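Chemist: Here are the chains, one letter per residue:
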Amino acid sequence: MIRSIRGRLQWWYGGVYALSILVFGCMVYWRADRDVHERATLQAVSAAQYLDASLRSLPPWRLNDGPRPPQFPGDDVHSFRPDFPNGPMPPDFEMRPPRGDQPRENIIRLPAQNWDRRGPPPRVPGDPDNPQLPPGRPPRDGQRGIEAPNLRPNNGPPNGGDRPNHPRPPMDRMEFAVWRANGQLISKSEGELIEPFLAAGPAAIRDRGPRISVLDGAVRAEMKGPFESMILVLRPLGHDMANLHRFGWQIAGMAAVTLFVGTVGGWWVSGRMVRPIQEISKTASHISVTSLDRRIETRNLDAELVQLASVLNCAFERLEESFGKLTQFTADASHELRTPLAVIQSQMELALSQPRSADDYQKTLRTCLGSSERMRSLVDGLLLLAKTDAKRIQLRPAPIDLRQVAEEAVVQLQDRAAANGVELECATPDDAVMVSGDATFLVRVPANLIDNAIQHTPGGGKVVVEVRCEGDEAVLTVKDTGSGIDAEHVPLLFDRFYRVDTARSRTQGGSGLGLAICRSLVESHQGTIGCESVLGEGSTFTVRLPLNS
Amino acid sequence: MRVLVVEDEPDLLRTIAQVLREDGYAVDEAADGQEGLYKATSWTYDAIVLDLLMPKLTGWEVLEKLRRTHTTPVLILTARDGVNDRVRGLDSGADDYLAKPFHLVELKARLRSLIRRSVGVASSQIVVGELVVDTSAKTVVRGETLILLTPREYSLLELFALHRGEVVTRTQIYEHLFEETDDSLSNLIDVHVSNLRRKLGKDFITTRRGQGYILHEGATS
Chain A
1 MIRSIRGRLQ
11 WWYGGVYALS
21 ILVFGCMVYW
31 RADRDVHERA
41 TLQAVSAAQY
51 LDASLRSLPP
61 WRLNDGPRPP
71 QFPGDDVHSF
81 RPDFPNGPMP
91 PDFEMRPPRG
101 DQPRENIIRL
111 PAQNWDRRGP
121 PPRVPGDPDN
131 PQLPPGRPPR
141 DGQRGIEAPN
151 LRPNNGPPNG
161 GDRPNHPRPP
171 MDRMEFAVWR
181 ANGQLISKSE
191 GELIEPFLAA
201 GPAAIRDRGP
211 RISVLDGAVR
221 AEMKGPFESM
231 ILVLRPLGHD
241 MANLHRFGWQ
251 IAGMAAVTLF
261 VGTVGGWWVS
271 GRMVRPIQEI
281 SKTASHISVT
291 SLDRRIETRN
301 LDAELVQLAS
311 VLNCAFERLE
321 ESFGKLTQFT
331 ADASHELRTP
341 LAVIQSQMEL
351 ALSQPRSADD
361 YQKTLRTCLG
371 SSERMRSLVD
381 GLLLLAKTDA
391 KRIQLRPAPI
401 DLRQVAEEAV
411 VQLQDRAAAN
421 GVELECATPD
431 DAVMVSGDAT
441 FLVRVPANLI
451 DNAIQHTPGG
461 GKVVVEVRCE
471 GDEAVLTVKD
481 TGSGIDAEHV
491 PLLFDRFYRV
501 DTARSRTQGG
511 SGLGLAICRS
521 LVESHQGTIG
531 CESVLGEGST
541 FTVRLPLNS
Chain B
1 MRVLVVEDEP
11 DLLRTIAQVL
21 REDGYAVDEA
31 ADGQEGLYKA
41 TSWTYDAIVL
51 DLLMPKLTGW
61 EVLEKLRRTH
71 TTPVLILTAR
81 DGVNDRVRGL
91 DSGADDYLAK
101 PFHLVELKAR
111 LRSLIRRSVG
121 VASSQIVVGE
131 LVVDTSAKTV
141 VRGETLILLT
151 PREYSLLELF
161 ALHRGEVVTR
171 TQIYEHLFEE
181 TDDSLSNLID
191 VHVSNLRRKL
201 GKDFITTRRG
211 QGYILHEGAT
221 S
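Heads up: the protein sequence lines correspond to chains A and B, in order. FYI, this note's numbering numbers position 543 of the first sequence as 543, with every residue one higher than the one before it. FYI, this note's numbering numbers position 13 of the second sequence as 13, with every residue one higher than the one before it.
Calculated directly from the structure, the hints in this document are not laboratory data. Source: prediction; values computed, not measured. Keep in mind that the hints are not guaranteed to be accurate.
Computed far set for chain A versus chain B, every beta-carbon distance over 12 Å [claimed, not checked]:
no., residue
1, D35
2, T41
3, L215
4, A342
5, A351
6, L383
7, S549
Taking lysine-lysine and the DSBU-like style, the derived pairs with C-alpha atoms no more than 35 Å apart in a straight line are [what the hints assert, rightly or not]:
no., chain 1, residue 1, chain 2, residue 2
8, A, K479, A, K462
9, A, K325, B, K138
10, B, K202, A, K363
11, B, K199, A, K325
12, B, K65, A, K462
For the chain B half of the interface with chain A, some residues (derived, Cβ under 7 Å), not all of them [said to hold, decoys possible]:
no., residue
13, L12
14, V19
15, R21
16, A79
17, G82
18, N84
19, D91
20, D96
21, K100
22, P101
23, L104
Using N, Cα and C, we set each Cβ at its ideal position, and we do this for glycine too.
Just chain B, with the same shape it has in the complex (with noise of 0.2 Å):
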């Protein structure tokens, strides 16, 4: 999952994304309104953390700009919390709000609620067929077994099951799982579908070629 985080307070951004990378997800940051729009309009993100008070563009401004375009869930991180900034905020567009300071736990949880409601599920966890995948846990079960993945194993997984039945792109993965700062050009996905291939069963995920990648419902090992 790619999050992109606009913050202007410099130790803050950076201790919001470390955490939501060693989460697992993919970070891009933003110090400003101005950058943090261009970001947000330049790549497809699972969600957005927006500071409200930023330089250049403010975080109403951003997001009224963003919802011309974009439907990217939005969760506003700020430090104002009267009853008509919250309004504000939510009326210009954004999905949820957090008031700082805040609960690095709380973040977590209200971003993967965020991204669940996006691709329309309800439940933090995920059943495709035996498998069962806790976005919550960040764990992948089988019957009783605990089958062990690494971090981006597990977020490909993830990608896959929350977009089942679909058609999922390289593009898509390439953008939903990697950081602007990553080398995209690598064969990395391919070594990680032919992981997962390895630890799930050969069958569960198919490829079209030219295409990408699908995993179906009742795919079984």
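One chain only, chain A, in its complex shape (with noise of 0.2 Å):
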């Protein structure tokens, strides 16, 4: 099936698919990674700066270990826990509801993130809970601002109930440390991610930052904070991995399913177009030797395999049309082998069917002779021709001057000429007329159409045979003065067994073959034979063969 234009068809179309389907799958797939990548700095880094403007709004002792001032007793460095319940709620985060009177309940539904939109509880400044609070920032709009730190201990996600109708989707909780400026801890989330970054310690980075780098399952962002502390904050990927995963696989899926349709679409697509060509195909192995008349209908054919078929047709035409000259031929030179044939049976069968007299015998066998010797020029010239048509006649090409095989054959043929009362005369030039032939075969040229012109010219009528130079040509012409050939006739006159007038065929002899041999013969001299009659007046048959220069 892959040899077939339908199979090759199919595995083209399928592979081109399946690669543009691969490309873009991944160029998708890839988008939505680098996507998952640059969302989590984005959050990584606003955390970090979310972290930083909480620093900077730490009384600096805090954060320079100077000395501390008495009004906040108990205060520790230590306590300092921003609330990253849910993740840190970044500034410049979208995840304020649009201005008017929006319901919350559309800024819940908006797209699923690993971040959670919600936030801590709105707060108002001076809130009772948070007595060692610094002022934050009001609220911007009412409900939802953006928040300064929460230093309440993480004590578990706040208002878990707020919303309880809906399920808040699987998260990351971000993770971060800060260390004071000599390396101390300050403060540092709950969470496996930071551990191995609080043994190493704070990284010495030169400028403020943040420098971000991506860290296998996270995104880390560490950035200068207020009194050269240091901020780290990792954004782990996991979440974010694993529905990319799930991406993945869905792209993978459909893909699949996408390339299965398109294929078996393809496969019935490329089906419909190949059933025509069956159809002809079809039509033309159906064709034989018995229905060569039929043709491939063409009509409901697109244009292209009108073509095909007309070409087909076309050959069926010739087929038929060489068959039907092949069949033609076949039964003429039946007829012709079995005419003396019968000849034979018959008068062998009657000499036999009682005692005759050694006159009777001798008769019998005289016609049995004649008609062997006809049955023989007429096998000599069948394999004469059919030697020539498959090019196998041994010629041995010689230089030879066409005169004298004119005048050989004008001497074969004068007593015949002189028998039939025809005068036969030969005009030749006083110079060679050299042409490259063999000799042997050659011969039979003129003394074909000699013998024929003799056959054709009444009693008193002349035959003359003429050699002559024409530019790079030989020219040989026998031109009798017979009764001439209807111009009908002239065509066919070099085809085999073609008889102008069959009323001559039996008494005068011939097998119908002599002009077909010529006319072979010439051509395999490379050259040309032709014929110009007027009725009445004579014909004019013309060989022309290369001079040998």
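Relying on the hints, combine the two individually framed chains into one complex.
Modeler: Right, here's the structure in full:
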């Protein structure tokens, strides 16, 4: 099936299709992957900046280990714990509800993110729950706002039941650590991811940052806070990556389904395309010797296939024509062979049917001899034609003088011409007319032509053989003053077994192959043969052969 | 029985004519279609042997023209033995078809069969009273006895037997028994009839004065 057009079409189509789906899928996946990382980076940076801002709102002694004002008793450096229960709320993160009186639910239905967009509850500055806090930024629109860090110890997710009807998507908790300039850990979140970084201590970065690096399973943002403090935020990627992988599998599944549907559709379409071809070949294969007149129907075909079908039809036409010729030739040949055979057989049967005189037997034998002579010449002629047809004739070309060839033929047929009362003349130039050819075969050409001319010229007529040069051609003409040939017969004269006048056929002998043999021989000598004839005045046969320079 | 052979191959024409003459037929020869058609329409033949590929008029054309006026049985004899040729020949009105080369015995058998069928006799043996005329073996038997006849006498008897119960005119006898080259003015018929009467019995053949002869179905010697 691979070698079929349909199969190959299918393979190519399927291949290109699969490739484009693969490329498209990879691009989508890559884009999503970049998206996840960009978002995570953004969030990590925002968180870091948020922490930075939060640190800036702390009293300086907390960060630089300076003298501690007495009005804040009991306050401790280590109590600085920004509230990241659901991740920090970055100041420029679009979590705010749209302006106007949009209900809150609308906001909640924003696309799911690992980021917990609810954040801590809105707080009023001076909340009695957080007496230690510096005054935070006031809520921007009354309901949701960016809050100052909540220094309350992280004691579980707040407001868990704020909107109990909405299940919370799985989320990653951001983790962070803050060091003083001297490397003393001020604060850290709970979590496993941050642990190795705590052990390693703060990284030394020159500028303020933030410096972003993507670790295995997390995005790390580092920046310098106030008083050369160091802020480290880890934004875990676990859930995002899991989501991304799920998305990848979804793409792969859809690609597979699309590929399957496309391939099956393609197979169907290519089948429809190929069906007319199959019908053509079916019709063509049903055309045999007995139904050569059948043709492929081209009415309902596409342009390309019409072309193909026409080519096939033309081929069939030529085949039919040549087959018809072949059949005709076979019938003619068999007729020509069967007639003498019938004579021989009936003569023999007659002779044997009863005792006869010696004279009768002699007569029978003579008749049989004549018939077998005729068959022999016929078979010879057919054999010669078959050989020239198959290019199996063994020509031994040598430079020969066409004058000699013509004269030899004239000498051979002088007696026959005399017997028919026909004058036979030969006109040759003084200079030799050299052609390249095999004398044994070439001499049959003028001989056949002269013999033919004598047959068709009544007593008292004249046959003239002429040899001359014309340009780079040697020309031999045989001209008779016979009855001439009707113009309609001239193109068919050189066909095998073609007889202009069937009346002459038997009594004057001749197998009907003479002119066909002439043409074959002339053509195997790279020459041409033609005939001009005027009815009632005579015919001229002209043979042109290339001169041997 | 008189047969016309139309054949353009002179040797074959001669051979067929000779073999048919030796078989007791009166044979006319024609060397081409035109001559054949002329003879076929001028004389009454018991059968015509016709070649197809002939000069001047092909066998098909001869058949077509002949069939407008005559129903003479025609046996086509040709070297063309393609199915189409045979079908075309038979469709143009030929009664039988024989391809060259052929066996002379087959040609003779087919001719006999053609002639028999043309006068409505199915078997090669014609029974007239006690007499059995075997057209195949060319013999006449009465009971167990073989009656010896000359070929001419036999031919005459066969003609009478084929047309038994009918008057056979002298013209008919001439047309069926003598070739175009024979002298028809002689009293040969009278001689042959009297010879037949001598050999078969006096009352066997009745003379109808001014009409011809008649062989009666129940004729006995």
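Chemist: Run the structure past the numbered hints and jot down the numbers of the failing ones, going up.
Modeler: Structure breaks hints 4, 5, 9, 10, 11, 12, 15, 18, 19, 20.
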